[in-house]
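*Asks:* Quick one: dock chain against chain with the hints and give me the complex.
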Amino acid sequence: MMNFFGNRKNSIKAVYEDDLEKYLKSVDLYDKILSKEFQCRFCHTNISLENLEVIIPRGKSIEFICNNKLCLHQA
Amino acid sequence: MSTSSLTTKAITESPWAIAIGNYIQSHPVLWFSLFALMLVGSLLKLILSAVPQIDFLKSKILLPLVKKYKHKKLIKSAIKSDIRGHVNKEVAKVKKFLPCGWAEDMDIDWVDTEEASTLRNDKRIIVRIRPLENQEHNFVNASYHFLHSGFFPKMQSVIPKPHYEASVLYICRKVVDGRGKTASTIFEDNFLEPSIQKFQEIPEYMDDYELMDKRGFFMGTFLRELYAIATNAKFSRARNNIPEETTKMLAHVKNLLGLMIIICPGRKRWHPQIGGTAVQFQNMQFCLSHAQKARALTHI
Numbered sequence: 906m907m908n909f910f911g912n913r914k915n916s917i918k919a920v921y922e923d924d925l926e927k928y929l930k931s932v933d934l935y936d937k938i939l940s941k942e943f944q945c946r947f948c949h950t951n952i953s954l955e956n957l958e959v960i961i962p963r964g965k966s967i968e969f970i971c972n973n974k975l976c977l978h979q980a
Numbered sequence: 002m003s004t005s006s007l008t009t010k011a012i013t014e015s016p017w018a019i020a021i022g023n024y025i026q027s028h029p030v031l032w033f034s035l036f037a038l039m040l041v042g043s044l045l046k047l048i049l050s051a052v053p054q055i056d057f058l059k060s061k062i063l064l065p066l067v068k069k070y071k072h073k074k075l076i077k078s079a080i081k082s083d084i085r086g087h088v089n090k091e092v093a094k095v096k097k098f099l100p101c102g103w104a105e106d107m108d109i110d111w112v113d114t115e116e117a118s119t120l121r122n123d124k125r126i127i128v129r130i131r132p133l134e135n136q137e138h139n140f141v142n143a144s145y146h147f148l149h150s151g152f153f154p155k156m157q158s159v160i161p162k163p164h165y166e167a168s169v170l171y172i173c174r175k176v177v178d179g180r181g182k183t184a185s186t187i188f189e190d191n192f193l194e195p196s197i198q199k200f201q202e203i204p205e206y207m208d209d210y211e212l213m214d215k216r217g218f219f220m221g222t223f224l225r226e227l228y229a230i231a232t233n234a235k236f237s238r239a240r241n242n243i244p245e246e247t248t249k250m251l252a253h254v255k256n257l258l259g260l261m262i263i264i265c266p267g268r269k270r271w272h273p274q275i276g277g278t279a280v281q282f283q284n285m286q287f288c289l290s291h292a293q294k295a296r297a298l299t300h301i
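The listed protein sequences correspond, in order, to chains H and D.
Each residue of the first sequence is one higher than the last, beginning at 906 in my numbering.
Each residue of the second sequence is one higher than the last, beginning at 2 in my numbering.
Hint data in this document are derived by calculation from the structure and do not stem from the laboratory.
All figures in this text were calculated on a predicted structure; none of them were measured in a lab.
Just so you know, even glycine gets a beta-carbon here, dropped at the ideal spot from N, CA and C.
Each hint should be verified, as a subset may be incorrect.
[Unchecked claim] Computed footprint of chain D on chain H, listed as stretches where at least three residues anywhere in the stretch have a Cβ under 8 Å from a Cβ of chain D:
#1 915–922
#2 937–945
#3 948–957
[Stated by the list, open to error] Below, a list of computed lysine to aspartate or glutamate pairs in the EDC-like style, where the Cα atoms sit at most 20 Å apart:
#4 D:K71 - H:E942
#5 H:K965 - D:E137
#6 D:K68 - D:E137
#7 D:K249 - D:D208
#8 D:K74 - H:D923
#9 H:K937 - D:D208
#10 H:K930 - D:D208
#11 H:K965 - D:E115
#12 D:K73 - H:E926
#13 H:K918 - D:D113
#14 H:K918 - D:D208
If we strip away everything but chain D, and leave its shape as in the complex, we get (with noise of 0.2 Å):
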């Protein structure tokens, strides 16, 4: 007989081992009730994580609580929720506007312990949570890095790197903007003014952004077409006229937008997604070429 098979015989033969066993067939409802509360609560967990305003909601609660009664594990559980929350309820609103992936529900990993050999083979970055009284840095230092590693994915080091930056700034801008004051000034002090300083062409861009983004250009073809021209590119000489070709799209896009504002003057409203990939972009072209035409009658 096997030394494992002898352990778990002496363990369920021993004597406490029979008396809870006893007390377990005695008391039935007893333990009905307790599996039943166990079940609702991971029924709860999982709606919890599933809807964003839930998290949110279970950070207004536990934040309040934490800073009378210091549990780490209450903490660790608060701020989770609140980035979470947060970071969820405003990547919802641009997140049907990306492409597929870029931007899905945020999760935290909490990491005390791992294998030297996890941490090199898994390939996402490690950030510091500092305590509560931190935690305006902690979301917007979360935020950053969430969005910063879902955009343009395997294209990171093929988009010209003020593009990369200024637009994942441009969407982490309106996330952190949707949390208060105190968020948008360390974001704008420690990532938008920090990324300027590096890239002088990062304002610029984001103005052009702002202007394809009221007319659904920015999400809808703008970043798409940067990530269809990376994509054909990466493995060709194409790759070295990346930052030429974007320039010209953009100034494109421009046109296109100039053009459509003077074919219908009096439209104030526009649809928030026009375009949905680089085939429909390039079909564009053929809108441009009559958006010319009908700007050349209307000179006539």
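Chain H extracted, bound-state conformation (with noise of 0.2 Å):
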């Protein structure tokens, strides 16, 4: 993607965290993530809430990561 002046420029999607729960009842994920359907892609850990750092679209399939820090960096 390219700005106004032609510098390219690579983005991020971030959730800030007052927006997090109008946002993951947007993408209807709110109420899967409350009755802990989903859990951290390497842990294992149930994602909730509070623990929830990273979001990965991966085509049909959503996976998700803690905010363990064994987990963080493998994103």
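*Replies:* Here it is, written out as structure tokens:
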């Protein structure tokens, strides 16, 4: 992606803490997270609103990474 | 007559619309000034997005401000400018030596609502950003994921995982160290140490990268050559031998560096970028053979 001045830009998507609930509801994931349907991709801990750190879309499925130090660097 | 044109007519002919129209016509200077202000504002916004130093300055102004006025939009703007300004300032130092597209200017796209299908089709990961009190953590987290997603595009599954991790961590460390002690400590605790626990080769590789980087062989040669090896081997049986090839290539570069130091012992400063592509690196085999001959002659 290029900006107005022709500089290339790579963007990352970020969700702010206060918007997390609204965002998860908009993508139909909020209830599933509350009912602990998802596990961390690496340590298999149940994903909750408190420990969710990264969301990885993988086509039809969606993976989550928790805030455990040992999982974060593997995203 | 269609419903939409009826609605438009009803709006334009309503008394309040006519009153607004009359007010605009009777105060042309006011509306022109507002328009000019909007134009200047948009131009400023464009300049802010193009120059990292200005972004950096913006964060310096906004951060103390949001500690007093806790307005969500302002907080998000401060967080974004702070992360973007710092990352782009540090990335600008290494960008010209890295292959094109690996570390472009960073931007943060805030998402608060999205269609489920858009989330699934967009391959970008979504990072959670915590409130300002955790800004150092936010910075390290965003920097790491930004660099991690940009390195070795489309070859991430082909590159040997320890080298992929070590090279991202090596550059990320440079970026994070420019921020300060707290960010460095968070990076070491949350990213570097857990990665080393998983891949024990990482400290050794990082030492090798440091050695190569001092003489301009890491970004200019090693990373490009590794990427070229992966690209060429991706759909052939050579893919299974990439770890061995990488080890040989690393030894080859270190050997070359050793020879260069023997040949030019007095040279303390090196050009930061020797070799730009894999082809140039293959040409260095020629230089190496000459260097070996030179060393043999010195011994005689």
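*Asks:* Holds or violated: the segment 948–957 of chain H covered by chain D, criterion of 3 or more residues with Cβ-Cβ distance under 8 Å?
*Replies:* violated (count 1)
*Asks:* Starting from K930 (chain H), check that the Cα of D208 (chain D) is at most 20 Å away, please.
*Replies:* Between K930 (chain H) and D208 (chain D) the Cα gap is close to 46 Å, so the pair fails against 20 Å, i.e. violated.
*Asks:* Taking 8 Å as the Cβ threshold, is the statement that the segment 937–945 of chain H is covered by chain D upheld or broken by the three-residue rule?
*Replies:* Coverage by chain D is violated for the segment 937–945 of chain H (0 residues, Cβ < 8 Å).
*Asks:* Next pair to validate is K965 (chain H) with E115 (chain D); report whether the Cα-Cα distance is within 20 Å.
*Replies:* Roughly 16 Å separates the two Cα atoms, so the pair holds.
*Asks:* Given the hint that K74 (chain D) pairs with D923 (chain H), test it: the Cα-Cα distance must not exceed 20 Å.
*Replies:* Holds, at roughly 11 Å.
*Asks:* Is K918 (chain H) close enough to D113 (chain D), meaning Cα to Cα at most 20 Å?
*Replies:* This hinted pair holds, its Cα atoms lying about 10 Å apart.
*Asks:* Confirm or reject the coverage of the segment 915–922 of chain H by chain D under the rule of 3 or more residues with a beta carbon closer than 8 Å to the chain's beta carbons.
*Replies:* Coverage by chain D holds here, the residue count being 8 at a Cβ distance below 8 Å.
*Asks:* What's the verdict on K71 (chain D) and E942 (chain H), does the C-alpha distance respect the 20 Å limit or exceed it?
*Replies:* Violated - the C-alpha atoms of E942 (chain H) and K71 (chain D) are around 34 Å apart, more than 20 Å.
*Asks:* Under the criterion that the straight-line Cα-Cα distance not exceed 20 Å, is the pair K937 (chain H), D208 (chain D) satisfied?
*Replies:* violated, 45 Å
*Asks:* Check the hint pairing K73 (chain D) with E926 (chain H) against an upper bound of 20 Å on the C-alpha distance.
*Replies:* Answer holds: K73 (chain D) to E926 (chain H) is near 15 Å, not above 20 Å.
*Asks:* Given the hint that K249 (chain D) pairs with D208 (chain D), does the C-alpha gap stay at or below 20 Å?
*Replies:* holds, 16 Å
*Asks:* Given the hint that K965 (chain H) pairs with E137 (chain D), test it: the Cα-Cα distance must not exceed 20 Å.
*Replies:* This hinted pair is violated, its Cα atoms lying about 33 Å apart.
When held up to the earlier numbered hints, the structure conflicts with 2, 3, 4, 5, 9, 10 and 14 and fits the remainder.
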